[in-house]
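Novice: Sequence:
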Amino acid sequence: MKNIIIKLLFIVGISMPTMLSAQSIELMADIFWNKTSCRELTTERRDAMAKMQTYADTFTHTLFNEYMATPAGTEKEQGIEQWGLMQYYNMALDKLLTEIPATKVRKGEVVVWQLYNMGYVVKTQTQCFGIDLYHKHAERLAPMIDFMLITHNHGDHYSKALVAELERQGKAVYSNFLNNGHKVTTGNEFTVGNICVKVTTVDHNKTLLNYVNTYEVNCYAKKGKDYVMFFTGDAHNYEQLNPSGKVDVFIPHLAVGLNMVEAVKKINPTEVLMSHILELGHAITKWRWSYQYGINECEKLQREGVYLPVWGEKIVLKRK
1 MKNIIIKLLF IVGISMPTML SAQSIELMAD IFWNKTSCRE LTTERRDAMA KMQTYADTFT
61 HTLFNEYMAT PAGTEKEQGI EQWGLMQYYN MALDKLLTEI PATKVRKGEV VVWQLYNMGY
121 VVKTQTQCFG IDLYHKHAER LAPMIDFMLI THNHGDHYSK ALVAELERQG KAVYSNFLNN
181 GHKVTTGNEF TVGNICVKVT TVDHNKTLLN YVNTYEVNCY AKKGKDYVMF FTGDAHNYEQ
241 LNPSGKVDVF IPHLAVGLNM VEAVKKINPT EVLMSHILEL GHAITKWRWS YQYGINECEK
301 LQREGVYLPV WGEKIVLKRK
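Residue numbers for the sequence shown follow this note's numbering, beginning at 1 and rising by one.
Just so you know, the hints here were simulated from the structure itself, not pulled from any lab data. Careful, some of the hints might be misleading.
[Said to hold, decoys possible] Using C-beta positions, here's what the derived DEER-type ranges look like:
#, residue 1, residue 2, range
1, N153, D47, 18 to 24 Å
2, K107, T60, 18 to 24 Å
3, Q82, E40, 31 to 37 Å
4, Q82, T186, 22 to 28 Å
5, R303, R140, 34 to 40 Å
6, K76, W287, 36 to 42 Å
7, H137, G181, 25 to 31 Å
8, N242, S24, 42 to 48 Å
Heads up, the beta-carbon is just placed ideally off N, CA and C, and yes, glycines get one too.
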């Protein structure tokens, strides 16, 4: 009897907030993915961000971490996935699974999708790779990814299941901590097809030294038409960020102590994709930065080309 009561309480606790939020979840996603773009912060987009923030503010890090640890296919997992926020979280993955193989990349373009947190999938005319992909069901992306980059050994920056599946398929996973034959650090450079990658290992903070790999990814190096993406993970010291040349897109953590004004001034990228918003494994009151915080950080830079993507968003980048 006690187990039945606990199960009923769990179901009620999950389902009641769901009924209140699920009615508008598809509308919110439609605004993010179809009606607006990160390139223009309209009132409609701000309102959708505020709505998503309300979902996040009622979804604790304890519940999220419990969800991530729950075996797939169980009633408990399915129950948590009925929350409005989790519906959107999984809709974002489904969107990538549909769009990545269907998207034809045009000449002079690079197409990126933000999955969650600092996780991106990047597709060029010839290849597709991922970086810092973290999601409950991230392994479903393995068939469409040629290789993966991981910036550092923190759980919100990679999925163990995805790593295992990629390696099972014989695909390279580059990091500074996995002993898999693809361990890379400062000074290492490697080429995968037309893509060339330069690696520098920097500090996460004043305690975790030489902890984060930054990746300077030239998406069309072998074609002689450079398009450089600079992924810096949780790097916190702008003085350590020294790309070798022009950067087209800079993708930083917006709240790790990095002096963003000085970093952007130094790197001088064409575009910036600010990342690490609403990482649900962090407590609401600690290290889970809100959309409004992200908007404020973007506006502080006072320059064009600074964007705040959302989960599941597709962004077409073009060589200038």
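Novice: Would you mind marking each hint as holding or not holding in the structure?
Specialist: Checked hints:
At roughly 38 Å, the beta-carbon separation of N153 and D47 lies outside the given 18 to 24 Å, and the hint is violated. Checked against the hint of 18 to 24 Å, the pair K107 and T60 fails, with Cβ atoms roughly 47 Å apart. For the pair Q82 and E40, the beta carbons lie near 32 Å from each other, so the given range of 31 to 37 Å is met. Evaluation of the 22 to 28 Å hint for Q82 and T186 yields a failure: the beta carbon distance comes to about 45 Å.
Checked against the hint of 34 to 40 Å, the pair R303 and R140 passes, with Cβ atoms roughly 37 Å apart. A hinted range of 36 to 42 Å for the beta carbons of K76 and W287 is inconsistent with their spacing of about 26 Å. At about 26 Å, the beta-carbon gap between H137 and G181 stays in the expected band of 25 to 31 Å. A beta carbon spacing of about 45 Å between N242 and S24 agrees with the range 42 to 48 Å that was offered as a hint.
Hint check: violations occur at hints 1, 2, 4, 6; the rest are consistent with the structure.
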